[in-house]
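Novice: Sequence order for the protein chains is A and B. For the first sequence, my numbering gives the first residue as 1, with consecutive numbering after it. For the second sequence, my numbering gives the first residue as 1, with consecutive numbering after it.
Some clues are possibly wrong.
Straight line, CA to CA, 27 Å or less: simulated DSS-like cross-link-like pairs of lysine-lysine [unchecked claim]:
# : chain 1 : residue 1 : chain 2 : residue 2
1 : B       : 59        : A       : 20
2 : B       : 63        : B       : 99
3 : A       : 20        : B       : 63
Computed footprint of chain A on chain B; a stretch qualifies when at least three of its residues, placed anywhere within it, have a C-beta under 8 Å from a C-beta of chain A [unchecked claim]:
# : stretch
4 : 2 to 11
5 : 22 to 29
6 : 39 to 50
7 : 78 to 89
The hints are simulated quantities; they were obtained by calculation from the structure and are not laboratory data. Glycine residues also receive a C-beta, built at the ideal position from the N, C-alpha and C atoms.
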Amino acid sequence: MLDDALRSNRLPAAPGVGYKPQHFAQILEQPKPVAWLEIHAENYMGDGGRPLAQLRLLSEQFPISVHGVGLSIGGEGPLDTDHLARLKHLVDWLHPASFSEHLAWSTHDTHFLNDLLPLPYTDATLDRVCDHIDHVQNTVGRQMLLENPSSYLAFEESTWAEPDFLREVARRTGCGMLLDVNNVFVSATNLNYAPQDYIDAFPLELVKEIHLGGHDEDQDDHGNPLLIDSHGRAVVDPVWALLDYVLERSGPRPVLIEWDTDVPDWSVLQSEAQRAQSALERIPA
Amino acid sequence: MSVSQAEFRAALLDASVPVPEGLLDAQARPAGRRFSVYRNNVAVSLTEAMHQAFPVIAKLLGKQNMDGLAGMFLRQHPPSSPLMMFYGEEFPAFLAATKQLAHLGYLPDVARLELALRRSYHAADSTAASADDLALAPDRLLQARLRLAPSMQIVRSPWPVHAIWRFNTEPDAPKPQPGAQDVLITRPDYDPLPQLLPPGGADWISGLKSGLAIGPAFEATLAATPDFDLGTTLALLLQGGAITSVTMERLNT
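Next comes chain A alone, as it looks inside the complex:
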């Protein structure tokens, strides 16, 4: 369980974007309305060179969120302590405004599979995830936000609903929540439930950051919709509507636009960020 003093999160309740190096110069020249940036931790674990030089400069002007994609919090095996040490090193020198990871696994034995793989929601998974988060927070020395996954299938063995599972992880470990609204929409469509019901059950009071991104549309073997969390296009209208639904209940939060493949011009990200800004402005008082 984490000390209260370590729970600081300094991201502003304003739009942020996932940082892509091709936008470096434009971000410095005309960032608005983007108020903060998120980086994937693993891309800044080299020893030096341009990536770290750019990050140092950006961190002087923007709050930075460090978002890990490789810790494999849900892995059956122990955490990769070398990787955890690299993460601690990054957080120690960068002093990011926020640090987050995923409810997923990606490493088995020594193989890193470069994808966020799903977990069964059982008591055994709960114990393991909590142990790993304790290990991470104790090592890094600050609170971690845990992100809800996008689901394409369900596990027969699951005994917990996902929002309850996440609430229990937070209760036991003191971690915060990163709510990916697109992931809620994708999972709800794929597993056939109402996304509003998920939001109603979610521990919104623990949410310190929100993610939005684009998804692709496909079909399963039976012709049912199968949405894929691709981060390769604009956020769709139903996801913007779901963001309004969340913000009405949570109040203002930092909102991130994620766009990782087929990365568009900076102006496109700015207009997505502007839409997030508008959503934040119309929250009822």
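Please arrange chain B on chain A, whose structure you already have, making use of the hints.
Specialist: Then chain B, alone, in the frame of chain A:
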């Protein structure tokens, strides 16, 4: 029915392995092609990583062949760490062992060059020594030792790897001619720069790295390369910012 991560991984990396039982859709039917989303994410993201890591190999082979090779490679050698920036260390050996590519003997060395460029890109920063630091009396200069930048890399090959790399990355580069080439990679700013070393240059730099002073490393190089051009090699290092200090002391190597 529980599904272990070992079962999950086995089915991820091999489409001929059945989708594990216990994975369902919303109506509790077998997950079927829903599982393929994960298979696809893994294969596509790692194939994309290989294209980014080895653009010259991809250009030499063509996209379709590179996709096919990457698909084989990623199943034999999934990443061993989440640092995708270093993925592909085993690719040169994989290329060398692929019988269908035996007629393209230079490919493994081109892949080694591309790996070395990435290592240089991500290497620790260092401050370059200036020409003034080397302005020593000739006898002192020969006794001096050079500390070299972590971003400096050497790739030696019996193939014209530097010419092949240029021909596939620069618009007006000349066609490669047969012959061995040694390549020096320096990182003057943040972009690694591969340059052709004169014969013997790689031996001399390797002598410096092993702790020899300039003079003794030069003597050792002359044994195999009597016409070794020390001035040109030293200038390449200096101009590339690859010398971080000039010292009369012993180096810890």
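Novice: All hints, please: hold or fail.
Specialist: Evaluation of the provided hints:
no.	hint	in the structure
1	59/B with 20/A	25 Å, holds
2	63/B with 99/B	19 Å, holds
3	20/A with 63/B	25 Å, holds
4	2 to 11	holds (count 7)
5	22 to 29	holds (count 8)
6	39 to 50	holds (count 5)
7	78 to 89	holds (count 8)
Of the numbered hints listed earlier, not one is contradicted by the structure.
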